[in-house]
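Trainee: Taken in sequence, the protein lines are chains Y and F.
Under our numbering, residues 1 to 256 are what the first sequence spells out, in order.
Under our numbering, residues 1 to 256 are what the second sequence spells out, in order.
No wet-lab data here; the hints were simulated from the structure.
Worth double-checking, as some hints may not be accurate.
Over 12 Å on every C-beta distance to chain Y, these chain F residues come out as not near it, computed from the model [as the list claims (entries may be wrong)]:
id: 1; residue: 19
id: 2; residue: 21
id: 3; residue: 22
id: 4; residue: 23
id: 5; residue: 25
id: 6; residue: 70
id: 7; residue: 71
id: 8; residue: 166
id: 9; residue: 168
id: 10; residue: 169
id: 11; residue: 203
Away from chain F, derived, C-beta distances all over 12 Å, residues of chain Y [what the hints assert, rightly or not]:
id: 12; residue: 15
id: 13; residue: 22
id: 14; residue: 23
id: 15; residue: 70
id: 16; residue: 71
id: 17; residue: 74
id: 18; residue: 93
id: 19; residue: 128
id: 20; residue: 145
id: 21; residue: 168
id: 22; residue: 169
id: 23; residue: 200
id: 24; residue: 234
Here are the simulated DSS-like cross-link-like pairs (lysine-lysine), alpha carbons at most 30 Å apart as the crow flies [claimed, not checked]:
id: 25; chain 1: F; residue 1: 230; chain 2: Y; residue 2: 95
id: 26; chain 1: F; residue 1: 21; chain 2: F; residue 2: 60
id: 27; chain 1: F; residue 1: 74; chain 2: Y; residue 2: 74
The beta-carbon is built from N, C-alpha and C at its ideal position, and this holds for glycine as well.
2 protein chains.
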Amino acid sequence: MNELNIMLQKQLEHRTIREFKEESLPAEKFNDLMEVARRTASSNGMQTCSIIRVTDPAIKKEIAAVCGQEYVAKAPELLIFIVDQYRNYKIAGEKNSFNESAKDLDRFFSAFTDACITAQNVVNAAESMNLGTVYLGSILNDSEKVCEILNLPQLTFPAIGLGIGYPNQNPQLKPRMDMSLRIFENKYSSFNNYLDEIKDYDKEMNAYYDLRDSNRRVDSFSDQVATQFKNVIPKRQKMINVIRKQGFNLNLKDEK
Amino acid sequence: MNELNIMLQKQLEHRTIREFKEESLPAEKFNDLMEVARRTASSNGMQTCSIIRVTDPAIKKEIAAVCGQEYVAKAPELLIFIVDQYRNYKIAGEKNSFNESAKDLDRFFSAFTDACITAQNVVNAAESMNLGTVYLGSILNDSEKVCEILNLPQLTFPAIGLGIGYPNQNPQLKPRMDMSLRIFENKYSSFNNYLDEIKDYDKEMNAYYDLRDSNRRVDSFSDQVATQFKNVIPKRQKMINVIRKQGFNLNLKDEK
Ligand SMILES: Cc1cc2nc3c(=O)[nH]c(=O)nc-3n(C[C@H](O)[C@H](O)[C@H](O)COP(=O)(O)O)c2cc1C
Ligand SMILES: Cc1cc2nc3c(=O)[nH]c(=O)nc-3n(C[C@H](O)[C@H](O)[C@H](O)COP(=O)(O)O)c2cc1C
Numbered sequence: 001m002n003e004l005n006i007m008l009q010k011q012l013e014h015r016t017i018r019e020f021k022e023e024s025l026p027a028e029k030f031n032d033l034m035e036v037a038r039r040t041a042s043s044n045g046m047q048t049c050s051i052i053r054v055t056d057p058a059i060k061k062e063i064a065a066v067c068g069q070e071y072v073a074k075a076p077e078l079l080i081f082i083v084d085q086y087r088n089y090k091i092a093g094e095k096n097s098f099n100e101s102a103k104d105l106d107r108f109f110s111a112f113t114d115a116c117i118t119a120q121n122v123v124n125a126a127e128s129m130n131l132g133t134v135y136l137g138s139i140l141n142d143s144e145k146v147c148e149i150l151n152l153p154q155l156t157f158p159a160i161g162l163g164i165g166y167p168n169q170n171p172q173l174k175p176r177m178d179m180s181l182r183i184f185e186n187k188y189s190s191f192n193n194y195l196d197e198i199k200d201y202d203k204e205m206n207a208y209y210d211l212r213d214s215n216r217r218v219d220s221f222s223d224q225v226a227t228q229f230k231n232v233i234p235k236r237q238k239m240i241n242v243i244r245k246q247g248f249n250l251n252l253k254d255e256k
Numbered sequence: 001m002n003e004l005n006i007m008l009q010k011q012l013e014h015r016t017i018r019e020f021k022e023e024s025l026p027a028e029k030f031n032d033l034m035e036v037a038r039r040t041a042s043s044n045g046m047q048t049c050s051i052i053r054v055t056d057p058a059i060k061k062e063i064a065a066v067c068g069q070e071y072v073a074k075a076p077e078l079l080i081f082i083v084d085q086y087r088n089y090k091i092a093g094e095k096n097s098f099n100e101s102a103k104d105l106d107r108f109f110s111a112f113t114d115a116c117i118t119a120q121n122v123v124n125a126a127e128s129m130n131l132g133t134v135y136l137g138s139i140l141n142d143s144e145k146v147c148e149i150l151n152l153p154q155l156t157f158p159a160i161g162l163g164i165g166y167p168n169q170n171p172q173l174k175p176r177m178d179m180s181l182r183i184f185e186n187k188y189s190s191f192n193n194y195l196d197e198i199k200d201y202d203k204e205m206n207a208y209y210d211l212r213d214s215n216r217r218v219d220s221f222s223d224q225v226a227t228q229f230k231n232v233i234p235k236r237q238k239m240i241n242v243i244r245k246q247g248f249n250l251n252l253k254d255e256k
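When you get a sec, could you build the whole thing from the sequences and use the hints?
Mentor: Written as structure tokens, this is what we have:
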């Protein structure tokens, strides 16, 4: 295996880490992560992702409460990746140039994309340093509250959270469905019977959890999907209203 | 520099590549990229990102026309990363389990996040193999058309495109604004005068383009921002309607 394939190897060993050592990151490692964030591609080079580094334990706890996940407060580093059209809105405004389109939902999506890819770039950098990471989509369980906690101005929105630290656990690789179900050539194509297609994967998933905790009755993938869909979080379901409240226009057909 | 820092080094050297050699990717390299995609973290492990690999030159041209960028058709590999709640909707449906919440916009966002981080993971893997990449947000210039071209079923949506190949150009690193403008501790904080803050960056950006093409009068960052905001693409601005048409519910406050 040549030098560069070490990167690939790391990527193929990815596992989410939810329990960290207390040890904090040396400043130079954190700075390296932020240099990687800075270098990430961005839509039209507009750099519309900002990052809130949460260091205050009280604020960490508030975020953990939104997430409903205690371990969030214990992550040595907690980063929230922010959709940020505010900065460029201000820049164009100070030039007395047209900036109303900063509010269009497609700019929201460009910035959301920037935020997500920046987060993944940081994840890869962190994993290359043998750090562990956990994404926190759960910050969206109450996005309005997160906007409040982080003092987010108009035209910003929290896209995704990320916990980082030295792993204090060594989970198995989590099984994935076959890529034949997920990659298509030229056109999307459906399967006649999905349960049939994922039969082996369903079994494999059972085995995965069994190995981790033999006392726990575990779910096949299809059961997990069913459970997931039943889990509706009302504030999260209606998050578009918070996006609107943060100043973005939906531009629905019936709106001008 | 230790072995693993090679990954970091690659990340810090990132540049978008828009001109590729004609050489196509060996099958095993492409498979490696897809294994990385497969291993990417996903919201609740739901694996809601699918990928369309566009190999048909006619379809490439159709996509390039949507993008308004000729070089899209010339990319040796053209991947479209898809928000995919359709597969799990079917899986739960076949179990006669509740699956209506697959249509909620928050599930759309989870899948959108999955799609973006999968794309970046593939970008990192590709760059580690000395391949070049170009993101294609421009597929959203007409997302309805892209849904049609790729035969996308209900509960799917194209999140981002990616061109991949062996670089046939060697662009400079593109300057970035200082991270002090983009990273905040605990709370977001605004600046009194952004033009002042980015004064040096504005100058640096001028120099960047000057070096690349000395015949072309170039824009500072703040001028680029102003130009960007003036560039409103009507179909793109109203893309929420296409998301709706693909079967997602916005769950606006005034809707039940
Ligand atoms: C979400 C996203 C969408 C993009 N869309 C396009 C595109 O449609 N066409 C293109 O040529 N470049 C596109 N890019 C590349 C950016 O223009 C590029 O990343 C940015 O100018 C910074 O340059 P660099 O990546 O060389 O550092 C996109 C990048 C991102 C992250
Ligand atoms: C967008 C996104 C949101 C996630 N949100 C959470 C979260 O809130 N809490 C958590 O513990 N894990 C979260 N995860 C981690 C996933 O549960 C994990 O990636 C998935 O189960 C696959 O496991 P693996 O990463 O160990 O392979 C999230 C992952 C992604 C990509």
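Trainee: Confirm or reject each hint.
Mentor: Quick rundown of the hints versus the structure:
The beta carbon of residue 19 of chain F sits about 16 Å from the closest Cβ of chain Y, which is more than 12 Å, so the claim that it is off the interface holds. Every Cβ of chain Y is farther than 12 Å from the Cβ of residue 21 of chain F; the closest lies at roughly 18 Å, confirming the non-interface assignment. Separation of residue 22 of chain F from chain Y is adequate, the least Cβ-Cβ distance of about 20 Å exceeding the 12 Å criterion. Non-interface status of residue 23 of chain F relative to chain Y is upheld: no Cβ of that chain comes within 12 Å, the nearest being about 18 Å off.
For residue 25 of chain F, the requirement that its beta carbon stay farther than 12 Å from each beta carbon of chain Y is met, with the minimum near 14 Å. The Cβ of residue 70 of chain F lies farther than 12 Å from every Cβ of chain Y, with a closest approach of about 18 Å, so its non-interface assignment holds. With a least beta-carbon separation of about 16 Å from chain Y, residue 71 of chain F lies farther than 12 Å from that chain, consistent with its non-interface assignment. Under the 12 Å C-beta cut-off, the non-interface status given to residue 166 of chain F relative to chain Y holds; the minimum distance is some 14 Å.
The Cβ of residue 168 of chain F sits about 19 Å from the closest Cβ of chain Y, beyond the 12 Å cut-off, so the non-interface label holds. For residue 169 of chain F, the condition that its CB be more than 12 Å from all CB atoms of chain Y holds, with the nearest at approximately 16 Å. For residue 203 of chain F, the requirement that its beta carbon stay farther than 12 Å from each beta carbon of chain Y is met, with the minimum near 15 Å. At roughly 9 Å, the least C-beta separation between residue 15 of chain Y and chain F is not larger than 12 Å, which violates its mark as non-interface.
Every CB of chain F is more than 12 Å from the CB of residue 22 of chain Y (nearest about 20 Å), matching its label as outside the interface. At roughly 18 Å, the least C-beta separation between residue 23 of chain Y and chain F is larger than 12 Å, which holds for a residue marked as non-interface. For residue 70 of chain Y, the requirement that its beta carbon stay farther than 12 Å from each beta carbon of chain F is met, with the minimum near 18 Å. Its beta-carbon lying about 16 Å from the closest one in chain F, residue 71 of chain Y satisfies the requirement of being farther than 12 Å from that chain.
Under the 12 Å C-beta cut-off, the non-interface status given to residue 74 of chain Y relative to chain F holds; the minimum distance is some 17 Å. Separation of residue 93 of chain Y from chain F is inadequate, the least Cβ-Cβ distance of about 9 Å not exceeding the 12 Å criterion. The beta carbon of residue 128 of chain Y sits about 4 Å from the closest Cβ of chain F, which is not more than 12 Å, so the claim that it is off the interface is violated. Consistency note on residue 145 of chain Y: stated as away from chain F, and its beta-carbon is indeed over 12 Å from all of that chain's, at 14 Å minimum.
Under the 12 Å C-beta cut-off, the non-interface status given to residue 168 of chain Y relative to chain F holds; the minimum distance is some 19 Å. Listed as a non-interface residue, residue 169 of chain Y keeps its Cβ farther than 12 Å from every Cβ of chain F; the least gap is roughly 16 Å. With 12 Å as the threshold on Cβ separation, the claim that residue 200 of chain Y sits away from chain F holds: the shortest Cβ distance comes to roughly 14 Å. A beta-carbon of chain F is positioned within 12 Å of the beta-carbon of residue 234 of chain Y; the least distance is around 9 Å.
Annotation: proposed proximity of residue 230 of chain F to residue 95 of chain Y holds, straight-line Cα distance about 13 Å (limit 30 Å). Restraint check: the Cα-Cα separation between residue 21 of chain F and residue 60 of chain F comes to about 17 Å, which is no more than 30 Å; the hinted pair holds. Using a Cα cut-off of 30 Å, the hinted pair residue 74 of chain F and residue 74 of chain Y is violated, with the two alpha carbons roughly 48 Å apart.
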